[in-house]
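Peer 1: Letter by letter, the chains look like this.
Number of protein chains: 2
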Amino acid sequence: MRKKIEIWEVGPRDGLQNELDLLETSAKIELIAKLLKAGLKNIEITSFVNPKMVPQFYDAEDVLKHFKGFEDQGVVLSSLVPNVTGAKRAIESGARAVSVFMSASEAHNRANVNMSIEDSLTQLGVVSRSIQEQIDFFRGYIVTTFGCPYQGEVPIESVLNVCRAYLEMGVQEISLGDTTGMANPEQVKKVIESVQREIDGKARLAVHFHDTRGLGLANAYAAYESGITVFDASIGGLGGCPFAPGATGNIATEDLAHMFELFGIDTGLDFDILREANDYLGTLLHKKLPAALGKTDPVWKFRKSLS
Amino acid sequence: MRKKIEIWEVGPRDGLQNELDLLETSAKIELIAKLLKAGLKNIEITSFVNPKMVPQFYDAEDVLKHFKGFEDQGVVLSSLVPNVTGAKRAIESGARAVSVFMSASEAHNRANVNMSIEDSLTQLGVVSRSIQEQIDFFRGYIVTTFGCPYQGEVPIESVLNVCRAYLEMGVQEISLGDTTGMANPEQVKKVIESVQREIDGKARLAVHFHDTRGLGLANAYAAYESGITVFDASIGGLGGCPFAPGATGNIATEDLAHMFELFGIDTGLDFDILREANDYLGTLLHKKLPAALGKTDPVWKFRKSLS
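These protein sequence lines are chains A and B, in that order. For the numbering used here, add 47 to where a residue sits in the first sequence, where the first one is 1. For the numbering used here, add 47 to where a residue sits in the second sequence, where the first one is 1.
Errors might be hidden in some of the hints.
Which copy is meant is left open, so a pair is good if it fits within one copy or across any two.
Stated by the list, open to error - The calculated lysine to aspartate or glutamate pairs, modelled on EDC-like cross-linking and capped at a C-alpha distance of 20 angstroms, are: (1) Lys-88 / Glu-118; (2) Lys-99 / Asp-68; (3) Lys-135 / Asp-106; (4) Lys-348 / Glu-200; (5) Lys-351 / Glu-200; (6) Lys-81 / Glu-118; (7) Lys-112 / Glu-71; (8) Lys-112 / Glu-233; (9) Lys-51 / Glu-233; (10) Lys-135 / Glu-323; (11) Lys-236 / Glu-204; (12) Lys-99 / Asp-119; (13) Lys-236 / Glu-272; (14) Lys-237 / Glu-272; (15) Lys-50 / Asp-326; (16) Lys-342 / Glu-272; (17) Lys-334 / Asp-247; (18) Lys-88 / Glu-77; (19) Lys-99 / Asp-109; (20) Lys-99 / Glu-77; (21) Lys-237 / Glu-308; (22) Lys-50 / Glu-180.
Worth flagging that the hints you see were computed from the coordinates, not collected in a lab.
Work out the full structure: start from the sequences and follow the hints.
Peer 2: If you want it as structure tokens, here you go:
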């Protein structure tokens with residue numbers, strides 16, 4: 048049997064959150080439908096942040112409600128929630144999978160959510176108690192695991208501290224985030240080794256890389272070598288910062304899946320439909336998305352004819 | 048002592064060969080001077096192909112002659128030669144380092160140089176006998192080592208066949224080329240293992256990746272894990288095909304070096320001067336080069352201030 052990996056698709060959430068053009072709800076639904084059709088089984092479909100902070104998610108309730116019942120088909124459609132208010136909104140809209148986040152870096156956590164790590168942990172504890180009876184899947188992101196744009200290095204002990212708290216809250220999956228693309232392959236291996244020892248089989252471990260410095264797939268490969276089988280990625284490689292033109296975002300779903308398929312790992316994805324989803328999203332946003340496979344064919348389709 | 052890797056800079060040759068805008072000789076010289084100033088010790092500075100085939104190298108003699116004597120400062124400045132005529136021109140202009148190339152794929156070799164592999168081997172044998180008394184460094188590229196755009200898979204036996212021929216010709220270094228970006232990390236490891244067994248210490252082994260499908264640095268990392276210490280790269284990631292807009296070229300010198308420096312490997316390079324070389328080349332070619340580090344800072348320089 049072929050070995051498998053799973054992709055946690057974050058395009059509709061992490062990908063879109065930095066886009067200043069607000070998409071119509073129907074367009075978001077169409078995008079998510081294409082991603083499902085391509086074979087993605089885990090999709091973060093929206094975020095219940097305050098729409099005053101991130102206007103893109105003005106329609107979180109509507110997007111979530113549209114996909115009510117889809118989980119019965121064996122897919123996980125997650126909503127990101129930042130706090131108790133967001134959690135309440137998500138649950139009221141029927142969320143069955145919820146992701147929470149906080150930074151391993153004190154400086155970044157304060158910049159991002161205006162709270163100390165301790166206060167974030169307390170608040171997420173309240174969130175977890177308020178939702179855990181009502182959902183099937185609970186995921187925790189550890190933001191700035193591999194480096195912080197404000198404080199630089201992030202001590203591994205700070206990462207393990209958040210891990211422990213997430214395990215106590217009962218998360219099924221922890222995702223290690225390289226929020227601003229500072230990770231390198233050797234560091235990835237070391238961090239994963241420490242975190243796996245801490246988790247000790249009590250949750251699944253995923254990785255979440257951004258391609259800011261071109262290292263996204265090298266880091267993903269290093270993570271794979273360390274035994275990781277769940278990878279966050281964004282269709283087309285959407286993401287990045289609207290104020291830094293040319294900055295790339297998450298690693299691209301299609302490029303990541305393509306790498307794995309090339310050496311015999313089963314992703315279960317249809318690359319023609321992924322391309323369709325990439326084209327659709329690019330058209331909506333009036334730009335060419337960064338994914339390499341949006342510009343060229345997969346190796347198995349690529350043939351020049353001799354003229 | 049920190050571990051080291053070496054970069055074989057191919058920007059002035061592989062990078063420029065697809066550019067339809069012909070650069071002034073003085074601009075090429077200035078670019079090479081910047082690359083030397085940045086600390087690069089191995090640079091492929093020109094190509095003695097027929098200028099009717101690749102007009103960019105109309106001035107191969109002039110570029111080479113300008114750097115006469117530089118090798119005494121411990122750098123290798125190589126000229127690519129395709130055949131006996133090119134070899135003769137290079138030697139007459141004072142070349143002390145020469146690179147030759149041929150494909151491991153019969154179909155690609157015919158498409159590229161209009162010859163069978165057997166005829167290429169015969170011709171390169173003549174080239175090697177005509178130059179080896181006059182040069183200090185002789186390098187052989189094996190083009191399409193990891194896949195061929197015409198025939199698809201390239202049997203490892205075809206790669207080893209070219210290896211053996213190169214060793215008989217007395218090359219000091221063999222570079223495995225992923226000409227159209229078809230390699231993947233697991234394949235890289237397998238091919239390197241086979242080739243190292245064949246070479247058996249009789250020459251140094253280098254790798255030459257293109258980033259066409261975003262896998263360049265992942266492949267380079269896999270090669271590093273397999274013991275490779277010489278990596279071909281191009282400043283800014285220049286390269287690719289002028290007829291395929293958006294297609295990326297060689298892996299970028301600065302992105303590759305940055306990856307290694309992040310985990311403690313010494314590249315000996317000055318990243319500010321690399322950035323300067325990238326900017327200079329981009330200005331000459333009127334475009335933004337693909338390198339990530341042309342758009343963002345290295346991790347060690349990257350800090351946001353808390354506002």
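Peer 1: Against each hint, give a clear statement of whether it holds in the structure.
Peer 2: Now the hints, each set against the structure:
Taking the shortest Cα distances, Lys-88 and Glu-118 sit within 20 angstroms of each other inside one copy (9 angstroms), while across copies they are farther apart (57 angstroms). In the homo-oligomer, the alpha carbons of Lys-99 and Asp-68 lie at most 20 angstroms apart inside one protomer (15 angstroms), although the nearest pairing across protomers, at 49 angstroms, exceeds that limit. For a Cα distance limit of 20 angstroms, the shortest separation of Lys-135 from Asp-106 inside one copy, 15 angstroms, qualifies, whereas the shortest one across copies, 70 angstroms, does not. Taking the shortest Cα distances, Lys-348 and Glu-200 sit within 20 angstroms of each other only across copies (12 angstroms), while inside one copy they are farther apart (42 angstroms).
Proximity of Lys-351 and Glu-200 under a CA criterion of 20 angstroms is satisfied inter-copy only: 13 angstroms between copies versus 46 angstroms inside one chain copy. For a Cα distance limit of 20 angstroms, the shortest separation of Lys-81 from Glu-118 inside one copy, 16 angstroms, qualifies, whereas the shortest one across copies, 57 angstroms, does not. Taking the closest pair of Cα atoms, Lys-112 and Glu-71 come within 20 angstroms of each other only inside a single copy of the chain (15 angstroms); across copies the shortest separation is 62 angstroms, beyond that limit. In the homo-oligomer, the alpha carbons of Lys-112 and Glu-233 never lie at most 20 angstroms apart, since the shortest distance is 42 angstroms inside one protomer and 42 angstroms across protomers.
Taking CA atoms no more than 20 angstroms apart as the test, Lys-51 paired with Glu-233 passes between copies only; the shortest distance there is 15 angstroms, against 23 angstroms inside one copy. Taking the shortest alpha-carbon separations for Lys-135 and Glu-323, neither the intra-copy value of 35 angstroms nor the inter-copy value of 52 angstroms comes in at or below 20 angstroms. For the homomeric pair Lys-236 and Glu-204, the shortest alpha-carbon distance inside one copy (16 angstroms) is at most 20 angstroms, but the shortest distance between copies (34 angstroms) is not. For a Cα distance limit of 20 angstroms, the shortest separation of Lys-99 from Asp-119 qualifies neither inside one copy, at 33 angstroms, nor across copies, at 64 angstroms.
In this assembly of identical chains, the alpha carbons of Lys-236 and Glu-272 lie at most 20 angstroms apart whether taken from the same copy (8 angstroms) or from different copies (13 angstroms). For the homomeric pair Lys-237 and Glu-272, the shortest alpha-carbon distances inside one copy (11 angstroms) and between copies (15 angstroms) are both at most 20 angstroms. Taking CA atoms no more than 20 angstroms apart as the test, Lys-50 paired with Asp-326 passes in neither setting, with 29 angstroms inside one copy and 44 angstroms between copies. In this assembly of identical chains, the alpha carbons of Lys-342 and Glu-272 never lie at most 20 angstroms apart, being 28 angstroms within a copy and 29 angstroms across copies at closest.
When the C-alpha separation of Lys-334 and Asp-247 is checked against a cutoff of 20 angstroms, the pair qualifies neither within a copy, at 43 angstroms, nor between copies, at 50 angstroms. In this assembly of identical chains, Lys-88 and Glu-77 lie within 20 angstroms of each other by CA distance solely inside one copy; the values are 16 angstroms within and 53 angstroms between copies. Taking the shortest Cα distances, Lys-99 and Asp-109 sit within 20 angstroms of each other inside one copy (17 angstroms), while across copies they are farther apart (62 angstroms). For the identical chains of this complex, Lys-99 and Glu-77 are neighbours neither inside a copy (24 angstroms) nor across copies (51 angstroms), given an alpha-carbon limit of 20 angstroms.
For the homomeric pair Lys-237 and Glu-308, the shortest alpha-carbon distance between copies (16 angstroms) is at most 20 angstroms, but the shortest distance inside one copy (25 angstroms) is not. In this assembly of identical chains, Lys-50 and Glu-180 lie within 20 angstroms of each other by CA distance neither inside one copy nor across copies; the values are 33 angstroms within and 53 angstroms between.
In summary, the numbered hints that this structure violates are 8, 10, 12, 15, 16, 17, 20, 22.
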